[in-house]
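Read top to bottom, the protein sequences are chains F and D.
Anchor point for the first sequence: position 42 equals 42 in my numbering, and the numbering is continuous, going up by one each time.
Anchor point for the second sequence: position 3 equals 3 in my numbering, and the numbering is continuous, going up by one each time.
There's no promise every hint is true.
[What the hints assert, rightly or not] List time: in silico BS3-like cross-link candidates among lysine-lysine, alpha-carbon distance up to 25 Å:
#, chain 1, residue 1, chain 2, residue 2
1, F, Lys115, F, Lys82
2, D, Lys76, D, Lys46
3, F, Lys82, F, Lys50
4, F, Lys133, D, Lys74
5, D, Lys95, F, Lys50
6, F, Lys82, F, Lys113
7, F, Lys113, D, Lys95
8, F, Lys5, D, Lys76
9, D, Lys74, D, Lys46
10, F, Lys113, F, Lys5
11, F, Lys82, F, Lys54
12, F, Lys108, D, Lys95
13, F, Lys5, F, Lys108
14, D, Lys95, F, Lys82
15, F, Lys133, D, Lys76
16, D, Lys95, F, Lys133
17, F, Lys5, D, Lys95
18, F, Lys47, D, Lys95
19, F, Lys54, F, Lys115
20, F, Lys47, F, Lys82
21, F, Lys5, F, Lys133
22, F, Lys108, F, Lys54
23, F, Lys5, F, Lys82
24, D, Lys95, F, Lys115
25, F, Lys5, F, Lys115
26, F, Lys108, F, Lys82
[Said to hold, decoys possible] The following residues of chain F were derived to be distant from chain D, with all beta-carbon distances above 12 Å:
#, residue
27, Val48
28, Glu52
29, Lys54
30, Tyr59
31, Gly68
32, Asn69
33, Asn74
34, His78
35, Phe80
36, Lys82
37, Arg88
38, Asn94
39, Gly95
40, Val99
Please keep in mind that the hints were generated in silico from the structure rather than gathered at the bench.
From the three backbone atoms N, C-alpha and C, an ideal C-beta is built for every residue, glycine too.
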Amino acid sequence: MTDQKTIVTAPEHRQEIVITRTFDLPVDLLFMAYEDAEIVAQWMNTKVLKLESKQHGSYRFETPDPMGNVHGFNGTIHSFEKNASIVRTFEMENGEFPVQLEYLTFEKLGDDKSKLTMHIVFQSIEARDRLLKLPFAMGINMAHNRIQEIQSTSKQ
Amino acid sequence: MNLRRDVFQALADPTRRTILLLLTTQAMTAGAIASNFETARPTVSKHLHILTECELLQAEQNGREILYHLNLDKMKEIADYLEPFRRMWDERFNKLENIMQHYHHKPKP
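For reference, chain F alone in the conformation it holds in the complex (with noise of 0.2 Å):
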């Protein structure tokens, strides 16, 4: 039904998404997108205070938004297999949102293609539906507060 590279299931009675992406990557550079703390920091667009890819490793992230304010994020690495496998948890500071389970698949597909797949499993059904809401959410927040910015200056 799709050639969409990403493609996010979220099965509607599961408090779990899984996110798959192929990449025209060979699956070694793959990994190491999510192993070298400097790469992390450019494609996450965030500051990595701090990332020790290793199994009982953590790790920990802090991304400033356009308004300025800044997130942190954290987690624990469970199990790492080089080329192969991740197993993490994720937080947000805020604490608006319980911790979350990771399992990072990484698959050689061809000597220049991989694939990710990325299943995420939450506390509660509920919880995982807000998390998938958010950028929706983040869109119509952007979108209003625009709207507001352009009322404020036509008054002007």
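Start from chain F and add chain D according to the hints.
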């Protein structure tokens, strides 16, 4: 709220997804739709009924025939729910891919 759940249940079935796919290019009668499946015609009718009930399809009287076509507004409503989330990840992954493709081409020291 119940209706929303029905829509997702309707979409969970592969036969119903195929029906929706068939109707993306043209409106069709129940008979024409059924001719695309091995299953008995009453089974296809049941699927059409479910899809119509949750407003994914609209049935329209056209002379002696009933034509089924997609309700695009409803389809869009469902797509919109996950689309911003998917797009956020798609953009991130595009960036990752781009960075690593250039990394690949950098001469090794």
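Outcome of the hint check:
Distance restraint check for lysine 115 of chain F and lysine 82 of chain F: the Cα-Cα separation of roughly 14 Å lies within the 25 Å cut-off, and the hinted pair is therefore satisfied. With a C-alpha separation of about 24 Å, the suggested pair lysine 76 of chain D and lysine 46 of chain D falls inside the 25 Å cut-off, and the hint holds. This hinted pair checks out: lysine 82 of chain F and lysine 50 of chain F have alpha carbons roughly 19 Å apart, not beyond 25 Å. As the CA atoms of lysine 133 of chain F and lysine 74 of chain D are separated by approximately 18 Å, the hinted pair is consistent with the 25 Å bound.
Restraint check for lysine 95 of chain D and lysine 50 of chain F: satisfied, since their Cα atoms lie roughly 21 Å apart, inside the 25 Å limit. Pair hint lysine 82 of chain F plus lysine 113 of chain F holds up; C-alpha atoms about 17 Å apart against a cutoff of 25 Å. Distance restraint check for lysine 113 of chain F and lysine 95 of chain D: the Cα-Cα separation of roughly 16 Å lies within the 25 Å cut-off, and the hinted pair is therefore satisfied. Under the criterion of a C-alpha separation no larger than 25 Å, the hint pairing lysine 5 of chain F with lysine 76 of chain D is consistent with the structure, at around 20 Å.
Our distance criterion of 25 Å between C-alpha atoms is met by lysine 74 of chain D and lysine 46 of chain D, whose separation comes to about 20 Å. Distance restraint check for lysine 113 of chain F and lysine 5 of chain F: the Cα-Cα separation of roughly 12 Å lies within the 25 Å cut-off, and the hinted pair is therefore satisfied. Taking the CA atoms of lysine 82 of chain F and lysine 54 of chain F, the gap is near 9 Å; set against the 25 Å cutoff, the hint holds. Of the pairs offered as hints, the one joining lysine 108 of chain F and lysine 95 of chain D holds, with about 20 Å between alpha carbons and a cut-off of 25 Å not exceeded.
Distance restraint check for lysine 5 of chain F and lysine 108 of chain F: the Cα-Cα separation of roughly 15 Å lies within the 25 Å cut-off, and the hinted pair is therefore satisfied. For the given pair, lysine 95 of chain D sits about 22 Å from lysine 82 of chain F by alpha-carbon distance, which is consistent with the 25 Å threshold. At roughly 16 Å between alpha-carbon atoms, lysine 133 of chain F and lysine 76 of chain D fall within 25 Å of each other, so this suggested pair holds. For a cut-off of 25 Å, the pair hint linking lysine 95 of chain D to lysine 133 of chain F stands: about 22 Å separates their Cα positions.
The suggested pairing of lysine 5 of chain F with lysine 95 of chain D holds, with an alpha-carbon distance near 13 Å, which does not exceed 25 Å. The straight-line distance between the Cα atoms of lysine 47 of chain F and lysine 95 of chain D is roughly 16 Å, inside the 25 Å bound, and the hint therefore holds. Restraint check for lysine 54 of chain F and lysine 115 of chain F: the C-alpha separation of about 21 Å stays at or below 25 Å, so the hint holds. Under the criterion of a C-alpha separation no larger than 25 Å, the hint pairing lysine 47 of chain F with lysine 82 of chain F is consistent with the structure, at around 23 Å.
Straight-line distance between C-alpha atoms of lysine 5 of chain F and lysine 133 of chain F comes to about 21 Å, which keeps the hinted pair within the 25 Å bound. Pair hint lysine 108 of chain F plus lysine 54 of chain F holds up; C-alpha atoms about 21 Å apart against a cutoff of 25 Å. Restraint check: the Cα-Cα separation between lysine 5 of chain F and lysine 82 of chain F comes to about 23 Å, which is no more than 25 Å; the hinted pair holds. Distance hint between lysine 95 of chain D and lysine 115 of chain F is fulfilled; the C-alpha atoms sit about 15 Å from each other, no more than 25 Å.
Between lysine 5 of chain F and lysine 115 of chain F the CA atoms are separated by roughly 10 Å; this keeps the pair inside 25 Å, and the hint holds. Distance check on the hinted pair: lysine 108 of chain F and lysine 82 of chain F sit about 12 Å apart at the alpha-carbon level, within 25 Å; holds. At roughly 14 Å from the closest C-beta of chain D, the C-beta of valine 48 of chain F stays outside 12 Å, upholding its exclusion from the interface. In this structure glutamate 52 of chain F is separated from chain D by more than 12 Å, as the shortest Cβ-Cβ distance comes to about 20 Å.
Residue-level check passed: lysine 54 of chain F sits 21 Å from the nearest beta carbon of chain D, beyond 12 Å. The Cβ of tyrosine 59 of chain F lies farther than 12 Å from every Cβ of chain D, with a closest approach of about 16 Å, so its non-interface assignment holds. No beta-carbon of chain D comes within 12 Å of the beta-carbon of glycine 68 of chain F; the shortest separation is about 20 Å. Chain D leaves asparagine 69 of chain F outside its interface by the beta-carbon criterion, the shortest separation being 18 Å against a cut-off of 12 Å.
No beta-carbon of chain D is positioned within 12 Å of the beta-carbon of asparagine 74 of chain F; the least distance is around 18 Å. At the 12 Å boundary, the C-beta of histidine 78 of chain F stays outside the reach of chain D, the nearest C-beta of that chain being 22 Å off. Non-interface status of phenylalanine 80 of chain F relative to chain D is upheld: no Cβ of that chain comes within 12 Å, the nearest being about 18 Å off. Against the 12 Å criterion, lysine 82 of chain F stays outside the reach of chain D, whose nearest CB is about 16 Å from its own CB.
For arginine 88 of chain F, the requirement that its beta carbon stay farther than 12 Å from each beta carbon of chain D is met, with the minimum near 17 Å. With a closest Cβ-Cβ approach of about 17 Å to chain D, asparagine 94 of chain F is found to remain outside the 12 Å limit, as its non-interface label requires. At roughly 21 Å, the least C-beta separation between glycine 95 of chain F and chain D is larger than 12 Å, which holds for a residue marked as non-interface. With a cut of 12 Å on Cβ distances, valine 99 of chain F stays outside the contact zone with chain D, its closest approach being about 19 Å.
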